[in-house]
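Novice: Residue numbers (our numbering), protein chains in the order written: chain A, 16 to 326; chain B, 16 to 326; chain C, 16 to 326; chain D, 16 to 326.
Watch out, some of these pointers could steer you wrong.
Here are the simulated DSS-like pairs of lysine-lysine, each with C-alpha atoms no more than 27 Å apart in a straight line [what the hints assert, rightly or not]:
1) K256(D) <-> K315(A)
2) K315(A) <-> K318(D)
3) K231(B) <-> K256(B)
4) K176(C) <-> K318(B)
5) K231(C) <-> K315(C)
6) K231(C) <-> K210(C)
7) K315(C) <-> K176(C)
8) K256(A) <-> K231(A)
9) K176(D) <-> K315(D)
10) K221(B) <-> K210(A)
11) K256(D) <-> K221(D)
12) K231(D) <-> K256(D)
13) K318(B) <-> K221(A)
14) K315(B) <-> K210(C)
15) K176(B) <-> K318(B)
16) K231(A) <-> K221(A)
17) K315(D) <-> K231(D)
18) K256(B) <-> K221(B)
19) K231(D) <-> K318(A)
20) K210(C) <-> K315(D)
21) K210(D) <-> K221(C)
22) K318(A) <-> K315(D)
23) K231(D) <-> K221(D)
24) K256(C) <-> K318(B)
25) K176(B) <-> K315(B)
26) K221(D) <-> K318(D)
27) K231(C) <-> K221(C)
28) K231(B) <-> K221(B)
29) K231(A) <-> K315(A)
30) K176(C) <-> K318(C)
31) K176(A) <-> K315(A)
32) K315(B) <-> K315(C)
33) K256(A) <-> K221(A)
34) K231(B) <-> K315(B)
Counterexamples of contact, computed for chain C against chain A with all Cβ distances above 10 Å [what the hints assert, rightly or not]:
35) P26
36) G43
37) R171
The hints are simulated quantities; they were obtained by calculation from the structure and are not laboratory data. The beta-carbon is built from N, C-alpha and C at its ideal position, and this holds for glycine as well.
4 protein chains.
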Amino acid sequence: MENVRQMEIGPGMSIVELVGCMEHCGFGARRLAEAVSIYEQMLGEEYTRFFTLSGAMVPAGLRNVVSGLIRNGHIDVLVTTGANLVHDVIESFGSHCLGNPESDDAALREEGLSRIYDVFLPDEHFIRFEELMQSILPERADPISGTEFLRLIGSRISDPKSILRSAYERHVPVFCPAMSDSMIGLQAWLHRQNKPLFVDTLADIKEIVDICYEAKRAGIMIIGGGVPKNFALQSMLVTPKSFDLAIQLTTDTPENGGLSGATLSEAVSWGKISAEARYVTVYGDATITFPLIAAATMSKLEKRRDQCIDR
Amino acid sequence: MENVRQMEIGPGMSIVELVGCMEHCGFGARRLAEAVSIYEQMLGEEYTRFFTLSGAMVPAGLRNVVSGLIRNGHIDVLVTTGANLVHDVIESFGSHCLGNPESDDAALREEGLSRIYDVFLPDEHFIRFEELMQSILPERADPISGTEFLRLIGSRISDPKSILRSAYERHVPVFCPAMSDSMIGLQAWLHRQNKPLFVDTLADIKEIVDICYEAKRAGIMIIGGGVPKNFALQSMLVTPKSFDLAIQLTTDTPENGGLSGATLSEAVSWGKISAEARYVTVYGDATITFPLIAAATMSKLEKRRDQCIDR
Amino acid sequence: MENVRQMEIGPGMSIVELVGCMEHCGFGARRLAEAVSIYEQMLGEEYTRFFTLSGAMVPAGLRNVVSGLIRNGHIDVLVTTGANLVHDVIESFGSHCLGNPESDDAALREEGLSRIYDVFLPDEHFIRFEELMQSILPERADPISGTEFLRLIGSRISDPKSILRSAYERHVPVFCPAMSDSMIGLQAWLHRQNKPLFVDTLADIKEIVDICYEAKRAGIMIIGGGVPKNFALQSMLVTPKSFDLAIQLTTDTPENGGLSGATLSEAVSWGKISAEARYVTVYGDATITFPLIAAATMSKLEKRRDQCIDR
Amino acid sequence: MENVRQMEIGPGMSIVELVGCMEHCGFGARRLAEAVSIYEQMLGEEYTRFFTLSGAMVPAGLRNVVSGLIRNGHIDVLVTTGANLVHDVIESFGSHCLGNPESDDAALREEGLSRIYDVFLPDEHFIRFEELMQSILPERADPISGTEFLRLIGSRISDPKSILRSAYERHVPVFCPAMSDSMIGLQAWLHRQNKPLFVDTLADIKEIVDICYEAKRAGIMIIGGGVPKNFALQSMLVTPKSFDLAIQLTTDTPENGGLSGATLSEAVSWGKISAEARYVTVYGDATITFPLIAAATMSKLEKRRDQCIDR
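Build the full structure now, drawing on both the sequences and the hints.
Specialist: Listed below in structure tokens is the structure:
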């Protein structure tokens, strides 16, 4: 058995050094270090990388981290919630604000502010969102899949930091299995009152299942559970394959039986994740754990690359 | 200020008496008693009652509670996950099993058992589910909404305890905004490889928004957050109305910013819930809190009815 | 494997019937039913029953439930926090109040109200508590154990619903391993500025270890973890015995490595709980789960007693 | 209102840069950045710094972080659990091991391994601990306070990385209000079967209250709640002062009314924390958040020092 090596910290230590210390510790620190190790492996060439994003991660400030990963080629398939895409579009023209999570919500309503914990959004952003959507939503006589629909929106957003734009540019398919559960869905519905538009969400199933089939090896980074987690795992289920690497960042725990807190081991019983897979769940707020894991992994990758060049 | 009245319990006490004691206590007990009080009001005639169901509540054993509420006229609109509907269909011909949540998941896979915490499902149920679905899925040349699609499935299930069957019989619309994220979605996609079928999930938006518009007063019981919570609240948002009564049963907490743990007060800032609404969140496992709240409310309602008859 | 039996609820159902339904369900419902079954066994004659109480259970309204269990002979050893005993003494002359957990805490301070989530306590109660303690605290030239000290306080409280009074009357030892971490400790320290008093908390160790040694069989009900949980389990550890039955009600989960959320299985690795023991953890707010479990168990016991008399 | 600034991460970024990004984000990231800012202020000269440590932080690998802070003069008063001190003593001669948290606990017992989540401890370490304690525990005819008792133990441990040794050397008082709830307490009790020893835990109250009185300004870092949190806050309560700065790292949340999850705002209603204080709670596993906060703060301090020297 490996010994616990008591962590040593000091001024000026790098993120990689900190994570390196965590590797020999217990509890969450150890899981976080393991996540970095798995993520480093997952960014290797032979992997098709799925990335699922739930929770209000874009309003909280992780948009550029996600779009950066897309632009760096670190995400091959993105599955997310409608809300994250709505806020991605909003960030292309305006900002979310920081406020007090204990504010009087009735007063906020009177001021025209919608609250997501400590992030506020003024009503004018929703008005502008509506105008933008009505101007860029496609007209199509034939049904299109949800990913195609989102690709078209991405092509019409100019902000290079946008998740949808970045995915469009890098040919990364974006799946949003609950699109009607978002303001994009609402706008699409309004739009087609007088324009032809049919979004065929069942068509998405074929697209993602094909990607699963074609993956040589597959890895998945799951942020926050929910529909995106299930949709990605279920898609693998209908193929003879399964995920070889998996990381889950969640604040839910398994005892209540919900999918968002279910262990990745549970997914092994379904055949979604391989019995030989490496996987780890990091419990905690992904606004802390995700950038830490991503920054550590990037640093390790660059170091490895530098070492290769040196030789 | 009201005083805490120390709880007194004894043998033979009824559920209503227990909840009556909780009313004058602090913490979760008080919230649970408040939920019963709000639920009793919500079951009054003038309310349109929304009910959202997330988490693996059907596998865990709450199916008949939900279908019973539908048959009793206590649910007017149901919004749920695909998974709960899949397991509802499965329960119409076979049972889930109870197992050890610490089982070896690779061994379970070899035995053909899929695990949902401590509930197991044998593969043969999925095979039979597939056969059933392929035999009852509708053929339709024209697009149908998700609710119409689910209504058709409900009409073809014979088990009277089924949620889908009960909803069909009682004309309760069932919304499943992430249908493609479920085995019903998968089966629908397989089905239409050679049969015409087009499920138009955007059409659901109009149907639920219309119900929101027409509601004299609206109440909502939210079990477990997720897409169903958001879809129901969002639908009210696009009307000039808002929910007057709301109950949320969840294991999530607000600090992480996700919707499933967001306070109902937060929904007031969006205008989804009225500033004058009565609302409460009961934190805890809904397999405990929900039947307790429902049984207490039913008992109180019957008592009130008996008193009316006595006069 | 046992099948999940879908729960059926209805008006007028008893607590025992509700728990009976939960027995065949998954997740928390199943654990709660198991807790009732274990508790019923634990109340059998051959068991010495340990009861540990953490969290602000007395302010929240569970004082009379605990003192009732003591008076009924259902608790043989009580281990608790200083705070619960302080609030037990306060409830012997005054009440806690119910308030809004989102109150302005600075304003509460100005009004002289101390807040425990949604339970408030006016400063005058603390003043009266101080007067009472200074009048009843014992003078003793020789060192006394913590349990003896608490026994003396219990003998001087007249309220029959008091936990300390009930324990005194029923000869139930009360252990408070962190007594100096409470206002009882503070008052004892003030008191002995001019009166002799020496509380020897190490002496408590011998007293509880002796009880562990003498127990034919031992059961434990753990409410909320913390020092009381550890003290009771540790005491068993130094004997050749271990707990045969154990129930834990907690809101903590295991992932973070803290004792309050540690599984009871973990205690098996230490030898605190027997490898053959029956044990279960019910996750959730004990102000809901504990009265439910206690009321169900009492009802089952009375029913069994009635059946015996009938024969 | 300040805008959310979308986080930008990249290879080679420093911990300070990462935390700098988090400052303009929502949810946990923002709280963590605020904790660093408060901690930086707290390490200023005019503050007396209280540090409370709960949870199995020493077994998990944070021992040297804590002893390092003591040696750096960043902790003026330490309040902790007996368990952390026991494991501190054990680490002075032996190591904890890393294992699988899903191990068979009955098998571990047979192998003589005690488990703390994923950290294992072989029985021989406890035997050696007992021998060491029996050889170093003091003999004293007159009662000594708990802090004096721990100071004496610290003076007899040679490992410079020990928390108790470091505290002894730096004259940092260590408070352990529930000493009898630990193996140090058990050993002390065994020791005095034939040697004079009286630990007077009430005497600790005076010592810590005196420190509170004398503090010009006071700050507190609370890791994990429990008795240490309460003892430190309560000690301030009996003075006319209150904490000016406070940081809490916890996995508990407020809804259940327990102290470990109680907001720091709640402590304002008691007068433990000043109404004008800066305070923040970071929710999450302290094995991740604490080293991150400590390393970031150290780096910022050193940078500031370097800038001063440069001028």
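Novice: All hints, please: hold or fail.
Specialist: Do the hints match the structure? See the list:
1. K256(D) <-> K315(A): This hinted pair is violated, its Cα atoms lying about 48 Å apart.
2. K315(A) <-> K318(D): holds, 24 Å
3. K231(B) <-> K256(B): Within the cut-off at roughly 9 Å; holds.
4. K176(C) <-> K318(B): Roughly 32 Å separates the two Cα atoms, so the pair is violated.
5. K231(C) <-> K315(C): holds, 24 Å
6. K231(C) <-> K210(C): Not OK: K231(C) and K210(C) at ~41 Å, beyond 27 Å, violated.
7. K315(C) <-> K176(C): Holds, at about 24 Å.
8. K256(A) <-> K231(A): At roughly 9 Å apart (the allowed maximum being 27 Å), K231(A) and K256(A) satisfy the hint.
9. K176(D) <-> K315(D): holds, 24 Å
10. K221(B) <-> K210(A): Measuring from Cα to Cα gives roughly 16 Å; hence the hint holds.
11. K256(D) <-> K221(D): holds, 15 Å
12. K231(D) <-> K256(D): holds, 9 Å
13. K318(B) <-> K221(A): It is violated: about 54 Å lies between the C-alpha atoms, which goes past 27 Å.
14. K315(B) <-> K210(C): Outside the cut-off at roughly 57 Å; violated.
15. K176(B) <-> K318(B): holds, 25 Å
16. K231(A) <-> K221(A): holds, 18 Å
17. K315(D) <-> K231(D): Measuring from Cα to Cα gives roughly 24 Å; hence the hint holds.
18. K256(B) <-> K221(B): Answer holds: K256(B) to K221(B) is near 15 Å, not above 27 Å.
19. K231(D) <-> K318(A): Between K231(D) and K318(A) the Cα gap is close to 47 Å, so the pair fails against 27 Å, i.e. violated.
20. K210(C) <-> K315(D): Distance ~51 Å between K210(C) and K315(D) Cα, so the pair is violated.
21. K210(D) <-> K221(C): Holds, at roughly 16 Å.
22. K318(A) <-> K315(D): holds, 25 Å
23. K231(D) <-> K221(D): The hint holds at about 18 Å.
24. K256(C) <-> K318(B): Distance ~51 Å between K256(C) and K318(B) Cα, so the pair is violated.
25. K176(B) <-> K315(B): holds, 24 Å
26. K221(D) <-> K318(D): violated, 39 Å
27. K231(C) <-> K221(C): holds, 18 Å
28. K231(B) <-> K221(B): holds, 18 Å
29. K231(A) <-> K315(A): With a Cα-Cα distance of about 24 Å, the restraint between K231(A) and K315(A) holds, given a limit of 27 Å.
30. K176(C) <-> K318(C): holds, 25 Å
31. K176(A) <-> K315(A): holds, 24 Å
32. K315(B) <-> K315(C): Holds, at roughly 23 Å.
33. K256(A) <-> K221(A): With a Cα-Cα distance of about 15 Å, the restraint between K256(A) and K221(A) holds, given a limit of 27 Å.
34. K231(B) <-> K315(B): Roughly 24 Å separates the two Cα atoms, so the pair holds.
35. P26: Nearest chain A Cβ is 27 Å from P26(C), so the label holds.
36. G43: Given a closest Cβ separation of 7 Å, the condition is violated.
37. R171: The claim stands: R171(C) keeps its Cβ more than 10 Å from every Cβ of chain A (closest is about 43 Å).
Checked against the numbered hints given earlier, this structure breaks hints 1, 4, 6, 13, 14, 19, 20, 24, 26 and 36; the rest are met.
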